[in-house]
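Using the sequences provided together with the hints, build the complete structure.
Chains as they are written, first to last, in this note's numbering: chain A, 717 to 836; chain B, 165 to 311.
If you are wondering where the hints come from, they were derived from the structure by calculation, not from laboratory data.
Among the hints, erroneous ones may be present.
[What the hints assert, rightly or not] Looking from chain A toward chain B, a few residues come up when the C-beta cut is under 10 Å (computed): (1) 741; (2) 744; (3) 756; (4) 791; (5) 798; (6) 801; (7) 803; (8) 804; (9) 805; (10) 807; (11) 810; (12) 811.
[Unchecked claim] Below are the SDA-like pairs computed for lysine to any residue, each with C-alpha atoms no more than 20 Å apart in a straight line: (13) A:797 with B:260; (14) A:816 with B:304; (15) A:816 with B:307; (16) B:181 with A:736; (17) A:797 with B:297; (18) A:816 with B:298; (19) B:270 with A:806; (20) B:181 with A:811; (21) A:816 with B:297; (22) B:270 with A:783; (23) A:816 with B:301; (24) B:181 with A:806; (25) B:270 with A:790; (26) B:270 with A:736; (27) A:816 with B:309; (28) B:181 with B:264; (29) A:797 with B:172.
[As the list claims (entries may be wrong)] Away from chain B, derived, C-beta distances all over 10 Å, residues of chain A: (30) 739; (31) 742; (32) 746; (33) 757; (34) 763; (35) 773; (36) 775; (37) 780; (38) 795; (39) 797; (40) 820.
We put the CB at the ideal spot given by N, CA and C, even for glycine.
One-letter residues, chain by chain:
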Amino acid sequence: MRLTCDYLVTYSGGVTDDDRVFKALADPTRRFLLDALFARDGRTLTDLESELEMTRFGVMKHLRVLEDSGLVVTRRSGREKLHFLNPVPIRLIHDRWIDKYRERHVSALVDLKTQLEESA
Amino acid sequence: MTTATVTTTQVYQLFIKATPEQVWDAITKPEFTTRYFFASRVEMADGRRRAYGPGGELWGDSAILEEHPPRRLVHEWQGLYDPDLAAEEPSRVTWEIEPQDGGVTKLTLVHDQLEGAPRTAESVAGGWMFVLSGLKTLLETGQPLAG
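Here is the structure:
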């Protein structure tokens, strides 16, 4: 058990952890920041800060959580640090959760159709 | 779904439970690319990265700008699979492969220099997610992404 936990912690250190993504998304300011990057990507802290009624430190903290979750990736461009929206973690959650339940839903309908047709 | 303003740099990052060498092979060898990259055969030779469709049609033929296995690959991008995309200026794709702790590899894909290729930018946005998600599934499970 201990080993399993360590392993999971190590792996989530690689920011693949769904928990971090869900936690990052569970905050309106962070969702606002993601939407701001969705509208226009590759922005500096100063640029993002100008859209929020919040201290620079506050915005930095939120961006850090987004970065730790993998939803935001930073790249250097000259002297500037640019923030990019990384859509992959949401896609992986989609593949892992949404597709799974939609598939079951669809197969339940297929089963129903089969049953109805057989009994007809 | 709302449409985003098309920007000239797109960044995708994911963590894959595989070695950098495995990731490198998966993005540079046709026996892997046919299983997740829209069934295309990617071949790297003579400083070119060529991609062929299932019927042998040429989907891409671009210059390799940097090749440092298994850590970094940079090549131009021009979609020949669609005349509208083929008519646009070439853009650039950078693959960065970095080993992490715990047998995990960080893969960052940057598609930039899209200034002269707005249709390409729009077209590849969903495509890269599909490709990268499929690449991860293939390397971690040995099976292509279902569906």
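Status of each hint after checking the structure:
1. 741: Hint on residue 741 of chain A: violated, closest Cβ of chain B at ~17 Å, above 10 Å.
2. 744: Residue 744 of chain A check fails; min Cβ-Cβ to chain B is 18 Å, beyond 10 Å.
3. 756: 6 Å, holds
4. 791: 6 Å, holds
5. 798: Status holds, d = 8 Å.
6. 801: 8 Å, holds
7. 803: 6 Å, holds
8. 804: 5 Å, holds
9. 805: 8 Å, holds
10. 807: With Cβ-Cβ at 5 Å, under 10 Å, it holds.
11. 810: 9 Å, holds
12. 811: OK, holds: residue 811 of chain A within 10 Å of chain B, min 6 Å.
13. A:797 with B:260: 18 Å, holds
14. A:816 with B:304: Holds. Residue 816 of chain A to residue 304 of chain B sits at ~18 Å (cutoff 20 Å).
15. A:816 with B:307: 17 Å, holds
16. B:181 with A:736: Distance ~18 Å between residue 181 of chain B and residue 736 of chain A Cα, so the pair holds.
17. A:797 with B:297: It is violated: about 27 Å lies between the C-alpha atoms, which goes past 20 Å.
18. A:816 with B:298: 16 Å, holds
19. B:270 with A:806: 17 Å, holds
20. B:181 with A:811: Satisfied, since the Cα-Cα distance of roughly 17 Å is no more than 20 Å.
21. A:816 with B:297: 15 Å, holds
22. B:270 with A:783: Since the Cα atoms of residue 270 of chain B and residue 783 of chain A sit roughly 14 Å apart, the hinted pair holds (cutoff 20 Å).
23. A:816 with B:301: 15 Å, holds
24. B:181 with A:806: Cα-Cα ~18 Å, so holds.
25. B:270 with A:790: Answer holds: residue 270 of chain B to residue 790 of chain A is near 14 Å, not above 20 Å.
26. B:270 with A:736: Distance of about 17 Å is within 20 Å: holds.
27. A:816 with B:309: Judged against 20 Å, a Cα distance of about 13 Å means the pair holds.
28. B:181 with B:264: 10 Å, holds
29. A:797 with B:172: 16 Å, holds
30. 739: 17 Å, holds
31. 742: Given that every Cβ of chain B is farther than 10 Å from that of residue 742 of chain A, nearest at about 21 Å, it holds.
32. 746: Given a closest Cβ separation of 17 Å, the condition holds.
33. 757: Not fine: 4 Å to the nearest Cβ puts residue 757 of chain A too close to chain B.
34. 763: Consistent with the label, residue 763 of chain A stays out of reach of chain B, its closest Cβ about 13 Å off (over 10 Å).
35. 773: Label holds. Min Cβ-Cβ 25 Å, cutoff 10 Å.
36. 775: 20 Å, holds
37. 780: 16 Å, holds
38. 795: 17 Å, holds
39. 797: 13 Å, holds
40. 820: 14 Å, holds
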